[in-house]
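Enquirer: Just need the whole structure built from these sequences, with the hints factored in.
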Amino acid sequence: MRALRSAAALTAAVAAALAAVSGCAQKSDAAADDAQDGAVQVTATDDGCAVSKKEFPAGHLRLAVKNKGTKVTEVYVYAPGDRIVTERENIGPGTGADIVAEIAPGPYEIACKPGMKGDGIRQKVTATGKGTAPARDPKLDKAVAAYRTYVQEQADRTLPEARKFADAVKAGDIEAAKKAYAVSRTGWERTEPVAESFGDIDPKVDVRADGLEDGQQWTGWHKLEQSLWEKKEITADDKKLADRLITDLEDWRKRVGKAEITPTGMANGAKELLDEVATGKVTGEEERYSHTDLSDFQANVEGAQKAYELLKPVAAENRPELTKELDKQFAAIRALLDRHRDSGSPDGFAAYDTVGKDERKELSDGVNALAEPLSKLAAAVATAK
Amino acid sequence: MTGGGTKKSAESAAGPAAETGTDGAAAPEAGASAPRTPSRRALLGWGGAGLALGAVAAGGTAAALRTGGDAAPAAAARPAEAVPFHGAHQAGIATAVQDRLHFAAFDVKTDDRAELITLLKEWTRAAARMTAGAQIGSGAIGSLAEAPPDDTGEALGLPPSRLTLTFGIGPSLFGAGGEDRFGIRDRRPAALVDLPRFPGDNLDPARGGGDLCVQACADDPQVAVHAIRNLARIGFGKVAVRWSQLGFGKTSSTTPDAQTPRNMFGFKDGTRNIAGTDAKALERHVWVGARDEKGGGAWMAGGSYLVARRIRMHIETWDRTSLREQEEIFGRDKGEGAAVGRKHEHDEPHLPSMPPASHVRLAHPDSNDGIRILRRGYSFTDGTDGLGRLDAGLFFLAYQRDVRQGFIPLQQRLARHDALNEYIQHVGSALFAVPPGVGGADDWWGRGLFA
Numbered sequence: 000m001r002a003l004r005s006a007a008a009l010t011a012a013v014a015a016a017l018a019a020v021s022g023c024a025q026k027s028d029a030a031a032d033d034a035q036d037g038a039v040q041v042t043a044t045d046d047g048c049a050v051s052k053k054e055f056p057a058g059h060l061r062l063a064v065k066n067k068g069t070k071v072t073e074v075y076v077y078a079p080g081d082r083i084v085t086e087r088e089n090i091g092p093g094t095g096a097d098i099v100a101e102i103a104p105g106p107y108e109i110a111c112k113p114g115m116k117g118d119g120i121r122q123k124v125t126a127t128g129k130g131t132a133p134a135r136d137p138k139l140d141k142a143v144a145a146y147r148t149y150v151q152e153q154a155d156r157t158l159p160e161a162r163k164f165a166d167a168v169k170a171g172d173i174e175a176a177k178k179a180y181a182v183s184r185t186g187w188e189r190t191e192p193v194a195e196s197f198g199d200i201d202p203k204v205d206v207r208a209d210g211l212e213d214g215q216q217w218t219g220w221h222k223l224e225q226s227l228w229e230k231k232e233i234t235a236d237d238k239k240l241a242d243r244l245i246t247d248l249e250d251w252r253k254r255v256g257k258a259e260i261t262p263t264g265m266a267n268g269a270k271e272l273l274d275e276v277a278t279g280k281v282t283g284e285e286e287r288y289s290h291t292d293l294s295d296f297q298a299n300v301e302g303a304q305k306a307y308e309l310l311k312p313v314a315a316e317n318r319p320e321l322t323k324e325l326d327k328q329f330a331a332i333r334a335l336l337d338r339h340r341d342s343g344s345p346d347g348f349a350a351y352d353t354v355g356k357d358e359r360k361e362l363s364d365g366v367n368a369l370a371e372p373l374s375k376l377a378a379a380v381a382t383a384k
Numbered sequence: 000m001t002g003g004g005t006k007k008s009a010e011s012a013a014g015p016a017a018e019t020g021t022d023g024a025a026a027p028e029a030g031a032s033a034p035r036t037p038s039r040r041a042l043l044g045w046g047g048a049g050l051a052l053g054a055v056a057a058g059g060t061a062a063a064l065r066t067g068g069d070a071a072p073a074a075a076a077r078p079a080e081a082v083p084f085h086g087a088h089q090a091g092i093a094t095a096v097q098d099r100l101h102f103a104a105f106d107v108k109t110d111d112r113a114e115l116i117t118l119l120k121e122w123t124r125a126a127a128r129m130t131a132g133a134q135i136g137s138g139a140i141g142s143l144a145e146a147p148p149d150d151t152g153e154a155l156g157l158p159p160s161r162l163t164l165t166f167g168i169g170p171s172l173f174g175a176g177g178e179d180r181f182g183i184r185d186r187r188p189a190a191l192v193d194l195p196r197f198p199g200d201n202l203d204p205a206r207g208g209g210d211l212c213v214q215a216c217a218d219d220p221q222v223a224v225h226a227i228r229n230l231a232r233i234g235f236g237k238v239a240v241r242w243s244q245l246g247f248g249k250t251s252s253t254t255p256d257a258q259t260p261r262n263m264f265g266f267k268d269g270t271r272n273i274a275g276t277d278a279k280a281l282e283r284h285v286w287v288g289a290r291d292e293k294g295g296g297a298w299m300a301g302g303s304y305l306v307a308r309r310i311r312m313h314i315e316t317w318d319r320t321s322l323r324e325q326e327e328i329f330g331r332d333k334g335e336g337a338a339v340g341r342k343h344e345h346d347e348p349h350l351p352s353m354p355p356a357s358h359v360r361l362a363h364p365d366s367n368d369g370i371r372i373l374r375r376g377y378s379f380t381d382g383t384d385g386l387g388r389l390d391a392g393l394f395f396l397a398y399q400r401d402v403r404q405g406f407i408p409l410q411q412r413l414a415r416h417d418a419l420n421e422y423i424q425h426v427g428s429a430l431f432a433v434p435p436g437v438g439g440a441d442d443w444w445g446r447g448l449f450a
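The listed protein sequences derive, respectively, from chains A and B. For the first sequence, position 129 (counting from the first letter as 1) is numbered 128 according to numbering that gives the first Met the number 0, and the numbering increases by one without interruption. For the second sequence, position 34 (counting from the first letter as 1) is numbered 33 according to numbering that gives the first Met the number 0, and the numbering increases by one without interruption.
Just so you know, not all the hints are guaranteed correct.
[Stated by the list, open to error] Below are the DSS-like pairs computed for lysine-lysine, each with C-alpha atoms no more than 30 angstroms apart in a straight line: (1) A:Lys311 - B:Lys342; (2) B:Lys237 - A:Lys327; (3) A:Lys327 - A:Lys129; (4) A:Lys356 - A:Lys231; (5) A:Lys360 - A:Lys177; (6) A:Lys163 - A:Lys53; (7) A:Lys360 - B:Lys120; (8) A:Lys360 - A:Lys311; (9) B:Lys237 - A:Lys311; (10) B:Lys237 - A:Lys356; (11) A:Lys305 - A:Lys360; (12) A:Lys375 - B:Lys120; (13) A:Lys323 - B:Lys237; (14) B:Lys342 - A:Lys323; (15) B:Lys333 - A:Lys360; (16) A:Lys305 - B:Lys237; (17) A:Lys327 - B:Lys120; (18) B:Lys237 - A:Lys375; (19) A:Lys360 - A:Lys323.
[Said to hold, decoys possible] For the chain B half of the interface with chain A, some residues (derived, Cβ under 10 angstroms), not all of them: (20) Asp106; (21) Lys108; (22) Arg112; (23) Gly141; (24) Ser142; (25) Leu143; (26) Phe197; (27) Gly199; (28) Asp200; (29) Ala205; (30) Ile233; (31) Gly234; (32) Ala239; (33) Val240.
[To be verified] Simulated DEER-style distance windows between Cβ atoms: (34) A:Gly343 - B:Ala175: 32 to 42 angstroms; (35) B:Asp441 - A:Arg121: 57 to 67 angstroms; (36) B:Leu155 - A:Lys138: 35 to 45 angstroms; (37) B:Asp318 - A:Arg359: 32 to 42 angstroms; (38) B:Glu315 - A:Asp341: 41 to 51 angstroms; (39) B:Gly385 - A:Lys138: 53 to 63 angstroms.
Rather than coming from a laboratory, the hints here were simulated on the basis of the structure. Backbone N, C-alpha and C fix where the C-beta goes; we use that ideal spot for every residue, glycine too.
Expert: Given below as structure tokens:
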């Protein structure tokens, strides 16, 4: 939950990082004119992606795409870290499309994806201009790209699980819906800071009763959670909400590749995942009806660990004692969570209302022990050695 | 945004100062020339106490520093005053009692002796900085924008406020009733006993015990809370806060010439407290002597033992008690605080003529073979208890040379006979060995134990 704060925090971090990385010199009227005169010609075939020039002025970029292949294709422009700057789907054989974008100086990749699948056929290009971007450690670009892949995978795998859940709700099968509930959230919980960066999706799918604003309709997972566990009935409205959840998650899956992800954003996102645990899960507030907080907890930790592992090569160079501590604390928290596993429950964890006060304190101490050093990760990847 | 360049002054200016053990902001050669970090004191300017303290701090001794502070013009000196951190005994015991308290007990989570020692060194360094009014680490502002600051910042711009941080070690750290995690079982002082159960105790384990403790006293609650919060933050992963208590309105005074403050029952209590200036009484009743501990516990020489008790007061029933009964229970009059049949607060009570169950009579040294303890308790009010009753009372803190001759016999007597027991209940309890003072920059809290 907590959409606004997290999103704002992420955006702020991203803005700062982007400024650092790209120099962010967007305005360049002269350059824009040049670009308009000379659109970059992209010729897509079934096994090729030819571009008319590999260097062009930053500012207003226009791609004139022609699909000369036999498959439907799509064309993407990626910034470092595989962030989608712009994209166009469904360019049929023999047809063309114009794609425009405002871009800052720096390196990019243009990708054609025949059959609209995979990473595509890529061409490295450069947008030139005054504020040329200081080179970022390629290891960090690699980390961002890998994390973006992870985020997309999590969204992709969430949909089938969420559909299972939605189908059970629509079938009026309370027991089956309860079983599918926590599992359907795993991918979302693993990547929550990125998911939340789309401020409009989170309030639709993951809002809790106490997070509703006046006049806001309660939709998403937690509304259905309440119906299943507290009200113990599935209404006609709930069935509609199940469909809407899928629609909103589809929207998320489509847009997640465009999220702005930076190394410091990843690091702070990892910390935010632990913040989620500290404020919502350890207290049992997040899953107050289903008491499946521990599986959210586990997913948050997994997502944080993924971001950390990807940044670790750089962080370990800058702050070896920090990564040593983080390795230790990630292991400790996972061992602590393992103590609450319950193979008999659908999500693999004990219900949180059976976890005693002392054990909750222990989990809370574990979260603090991990989150505090994790809050230093952003500095460790941002500070050049 | 660039990372490295912005850290600058905080670290370079205050860091070395902490290492050399002098008061960073006030080191004399720094006074006029060198660019300085905005420590809390520096922000107040270089007038009055800052200069006086600084001049004497260079001389190095705790006693001299105290004099220096006192010698400064009172009005200017008070708010900016810093209590010296280094010395033969820890500050915060004989130190004139400040107005506010944040006391915290910690569980040690690590089993790694080296890691615990590293933490104690980090804590000591941070404590020296904070008591001097300086920020810790690279400060609260000015470092990397995308990372959280080292110092939490809520004391930014506030004077040192006579902050003292006093460190103690609980019996459980020695593996009492469990595993000897740090190989120190044979270093446990004989006087660090397990407190017996006293009649009427209703102890909540969540409000008692602890492997370590830090007592933060200051004239400003924000400064005391800042100190505990930052130490807890430094400690995450190695220690976890087990319980903590905020206190206000000191209930006893180590400057007995001043009027004794009142407790939540409206009475003056502890008028016979040991004065922080009474060196003889301190040697006899408070500081552990060089020959007190034979063998493993010898590291405690110069230290003291701290008993902490959360004493809940039944405020509402007390307030419905007649004035006469209230006065008989305490054995004093409510207005002046004089013992029964006497005129003034500090007049020596005539014990045989006092009600036998009165608090003063029972607690008086003459009723207890001359036992004296140094009390530093605070009132507390933690809101309301869910039944609409004020959750309030006395957070009792007492220092003594040996609890076996101090708190234990005294409390055994009081717990059995004190008329006050009808209106109070002990709900939290802890005992800590408080090591001697930190000698200088290379010294750290608990070094004697782990040496």
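Enquirer: Each hint: holds or not?
Expert: Hint by hint, here is what the structure shows:
1. Using a Cα cut-off of 30 angstroms, the hinted pair Lys311 of chain A and Lys342 of chain B is violated, with the two alpha carbons roughly 74 angstroms apart.
2. Among the hinted pairs, Lys237 of chain B with Lys327 of chain A is consistent with the structure: their alpha-carbon atoms are about 12 angstroms apart, no more than 30 angstroms.
3. The hinted pair formed by Lys327 of chain A and Lys129 of chain A fails the criterion: a straight-line CA distance of about 45 angstroms is larger than 30 angstroms.
4. Distance restraint check for Lys356 of chain A and Lys231 of chain A: the Cα-Cα separation of roughly 27 angstroms lies within the 30 angstroms cut-off, and the hinted pair is therefore satisfied.
5. Between Lys360 of chain A and Lys177 of chain A, the direct Cα distance comes to roughly 28 angstroms. Compliance with the 30 angstroms bound is thereby established for this hinted pair.
6. In summary, the hint linking Lys163 of chain A to Lys53 of chain A is not supported, as the alpha carbons are separated by about 46 angstroms, beyond the 30 angstroms threshold.
7. At most 30 angstroms may separate the alpha-carbon atoms for a hinted pair to count; Lys360 of chain A and Lys120 of chain B meet this at roughly 26 angstroms.
8. With a C-alpha separation of about 29 angstroms, the suggested pair Lys360 of chain A and Lys311 of chain A falls inside the 30 angstroms cut-off, and the hint holds.
9. Distance hint between Lys237 of chain B and Lys311 of chain A is fulfilled; the C-alpha atoms sit about 22 angstroms from each other, no more than 30 angstroms.
10. For the hint linking Lys237 of chain B to Lys356 of chain A, the alpha-carbon distance of about 21 angstroms falls within 30 angstroms, and the restraint holds.
11. For a cut-off of 30 angstroms, the pair hint linking Lys305 of chain A to Lys360 of chain A stands: about 25 angstroms separates their Cα positions.
12. Taking the CA atoms of Lys375 of chain A and Lys120 of chain B, the gap is near 20 angstroms; set against the 30 angstroms cutoff, the hint holds.
13. As the CA atoms of Lys323 of chain A and Lys237 of chain B are separated by approximately 14 angstroms, the hinted pair is consistent with the 30 angstroms bound.
14. Annotation: proposed proximity of Lys342 of chain B to Lys323 of chain A is violated, straight-line Cα distance about 67 angstroms (limit 30 angstroms).
15. A C-alpha spacing of about 44 angstroms is found between Lys333 of chain B and Lys360 of chain A, which places the hinted pair above 30 angstroms, so the restraint is violated.
16. With a C-alpha separation of about 24 angstroms, the suggested pair Lys305 of chain A and Lys237 of chain B falls inside the 30 angstroms cut-off, and the hint holds.
17. This hinted pair checks out: Lys327 of chain A and Lys120 of chain B have alpha carbons roughly 21 angstroms apart, not beyond 30 angstroms.
18. Between Lys237 of chain B and Lys375 of chain A, the direct Cα distance comes to roughly 16 angstroms. Compliance with the 30 angstroms bound is thereby established for this hinted pair.
19. For the proposed pair Lys360 of chain A and Lys323 of chain A, the alpha carbon gap of about 24 angstroms is at most 30 angstroms, so the pair holds.
20. Here the hint on Asp106 of chain B is kept, as its CB sits about 8 angstroms from the closest CB of chain A, short of 10 angstroms.
21. Hint status for Lys108 of chain B: holds, given a least beta-carbon distance of 6 angstroms to chain A, under 10 angstroms.
22. With its C-beta approaching chain A no nearer than about 16 angstroms, Arg112 of chain B sits outside the 10 angstroms limit, and its interface hint is violated.
23. A least Cβ separation of about 13 angstroms between Gly141 of chain B and chain A goes past the 10 angstroms threshold, and the interface hint is therefore violated.
24. Annotation: Ser142 of chain B was flagged as interfacial toward chain A, and the flag holds, the nearest CB pair being 8 angstroms apart, inside 10 angstroms.
25. The beta carbon of Leu143 of chain B comes within 5 angstroms of a beta carbon in chain A, closer than 10 angstroms, and the hint placing it at the interface holds.
26. Evaluation of the Phe197 of chain B hint against chain A yields a violated restraint, the C-beta minimum of about 25 angstroms exceeding 10 angstroms.
27. A hinted interface residue such as Gly199 of chain B counts as satisfied when its beta carbon comes closer than 10 angstroms to some beta carbon of chain A; here the least separation is about 25 angstroms, so the hint is violated.
28. Given the 10 angstroms rule on beta carbons, the hint for Asp200 of chain B is violated: about 21 angstroms separates it from the nearest Cβ of chain A.
29. The restraint placing Ala205 of chain B at the interface with chain A holds, with a minimum CB-CB distance near 8 angstroms, inside the 10 angstroms limit.
30. At a threshold of 10 angstroms, the smallest CB-CB gap from Ile233 of chain B to chain A is about 9 angstroms, leaving the interface hint in force.
31. Hint on Gly234 of chain B holds. Least Cβ distance to chain A is approximately 9 angstroms, under the 10 angstroms limit.
32. A distance limit of 10 angstroms between C-beta atoms decides the matter here; for Ala239 of chain B the minimum to chain A is near 4 angstroms, and the interface restraint holds.
33. Taking 10 angstroms as the C-beta cut-off, the interface hint given for Val240 of chain B holds, the closest approach to chain A being about 9 angstroms.
34. Separated by about 38 angstroms at the C-beta atoms, Gly343 of chain A and Ala175 of chain B satisfy the suggested range of 32 to 42 angstroms.
35. Here the CB-CB span from Asp441 of chain B to Arg121 of chain A is close to 59 angstroms, well matched to the stated 57 to 67 angstroms.
36. Distance hint check: the CB atoms of Leu155 of chain B and Lys138 of chain A are about 37 angstroms apart, consistent with the given range 35 to 45 angstroms.
37. Separated by about 37 angstroms at the C-beta atoms, Asp318 of chain B and Arg359 of chain A satisfy the suggested range of 32 to 42 angstroms.
38. Between Glu315 of chain B and Asp341 of chain A, the C-beta spacing of about 46 angstroms keeps the proposed range 41 to 51 angstroms intact.
39. For Gly385 of chain B paired with Lys138 of chain A, a C-beta distance near 55 angstroms keeps the hint of 53 to 63 angstroms intact.
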